[in-house]
Amino acid sequence: MADKNENELVDYFESFLKQKPLFTNKNVLQSDYTPESLKHREVQINSIAQILAPALRLEKPSNIFIYGKTGTGKTVTVKYTTEKFLEVAKKRNIPIKVIYVNCKLKKVADTEYRMIAQLIKEFGQEIPATGLPTEEVYSHFFKIVDEKKQLVILVLDEIDQLVEKIGDEVLYSLTRINAELKNSQIGIIGISNNLIFAQTLDSRIKSSLSQEELVFSPYNALQIVDILSHRAKTAFEKDAIKQGVIQKCAAYAARDHGDARRALDLLRVAGEIAEREGSKKVEMKHIDDAEAKIEKDCMVEAVETQPKQFHAVLYAIMSIVSKRDGFIHTGEVYEVYKAVCIQTNLRPLTQRRVSDIIGELDLLGIINAKTISKGRYGRTRDISVIIAKEMVEKINSILKNKLEL
DNA sequence: GTCAATTCACATGAAAGAGACCACGGTCTAGTG
DNA sequence: CTAGACCGTGGTCTCTTTCATGTGAATTGACGA
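In terms of our numbering, the first sequence opens at residue 37 and continues consecutively.
Don't take every hint at face value.
Claimed, not checked - Derived DSS-like pairs: lysine-lysine, alpha-carbon spacing no greater than 25 angstroms straight-line:
1) Lys329 with Lys278
2) Lys359 with Lys374
3) Lys115 with Lys140
Please keep in mind that the hints were generated in silico from the structure rather than gathered at the bench.
Given the sequences, and given the hints that come with them, work out the whole structure.
Set out below in structure tokens:
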């Protein structure tokens with residue numbers, strides 16, 4: 037038995053090596069890859085360049101505010117433009133610094149403190165992860181920036197997330213920094229996925245932050261095809277992709293608001309699947325598999341990374357679902373949840389908290405929770421599970437594992 | 001039959017507490033010259 | 001004398017709890033036709 041397995045393994049590795057790889061450079065399909073040339077974003081690149089240009093004379097450029105849905109190339113465009121911009125600055129020895137901060141990353145910016153700490157880190161200095169008064173962190177930041185004459189371009193990606201989490205005071209402080217700086221100037225480029233985000237801002241911040249506004253409209257299917265085939269040329273071996281595969285990818289991605297990132301992911305995963313299967317080409321069906329896999333991975337990942345209490349709540353919901361059909365309400369979930377807690381020696385949380393957890397699970401897209409009013413019979417949430425049937429098993433076993441049931 | 005009041009079962013908000021981190025500064029201790 | 005171990009203090013952060021307030025429609029019940 038063991039022998040056979042061994043042979044099989046060896047065979048597998050052998051055949052893997054013999055097999056011609058499909059990819060030549062997989063990185064090109066990674067979403068954080070900045071290509072040599074950007075397609076279909078010439079207009080935006082030019083606008084940013086025009087706004088940024090005065091900075092080369094060390095005049096403070098206008099702050100820019102960029103909107104656009106996910107996968108419309110906002111980040112990549114800004115990165116691309118600022119890179120070129122920096123190249124020139126470097127050549128001429130102009131003291132310009134571009135700082136890119138992604139506000140979505142949890143470790144980076146979910147509090148005012150960390151946000152500023154991250155900025156300081158970008159300047160090559162360390163600051164304790166916690167423990168200092170926020171005030172002090174600010175002044176430390178001022179000091180670093182103002183140390184020498186320079187111009188700083190601050191790119192705040194997913195700025196809406198930042199404001200959602202910690203409010204807009206940070207932005208206010210940042211936009212006002214310039215008044216206090218003697219040597220330096222700071223220009224801000226804000227990038228937001230949320231189209232109406234600016235309207236929710238305090239008007240003072242809004243006016244100073246969005247001196248220039250730029251909108252990135254979604255790519256249409258044709259443009260995505262163009263982008264994909266362009267990248268596929270460097271990413272894949274010649275003829276590794278069957279006719280129409282890229283079109284299908286694009287169509288999938290265009291279906292939900294022209295998300296190019298999603299299209300790239302799809303193509304990459306499809307390629308991986310094809311390669312693993314030992315297929316010579318990426319076929320149509322690999323795209324479908326890829327889509328299923330991406331979705332599944334997201335879900336499993338989302339469930340797995342939750343804290344224990346979330347698992348308990350989710351487990352409670354799942355076990356109700358498995359017993360009967362129809363909608364579930366908060367009170368019922370809470371009762372079952374308490375039982376689960378006793379079973380697993382977990383300290384039960386209050387209903388208030390569980391209610392929040394249900395809300396968060398909904399936000400994660402693991403469950404569907406809609407608050408409804410049932411008139412005389414109160415107000416509650418209608419909870420349903422949106423996980424596909426074959427996923428339920430998998431999720432359940434993860435939960436059981438995590439809960440040590 | 002109509003219409004406002006009531007009522008339910010939570011949702012949603014705000015504030016405050018607990019416990020974990022962490023830096024910093026002071027004190028103690030042991031090892032060294 | 002000095003480096004390192006070991007507190008205590010003061011700060012932040014996250015997760016919770018407590019207390020309060022909000023909510024939307026089914027139901028009730030008064031009222032008038």
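Evaluated hints:
1. Only pairs whose Cα atoms come within 25 angstroms are accepted, and lysine 329 paired with lysine 278 is accepted, the gap being roughly 20 angstroms.
2. A C-alpha spacing of about 17 angstroms is found between lysine 359 and lysine 374, which places the hinted pair at or below 25 angstroms, so the restraint holds.
3. Straight-line distance between C-alpha atoms of lysine 115 and lysine 140 comes to about 16 angstroms, which keeps the hinted pair within the 25 angstroms bound.
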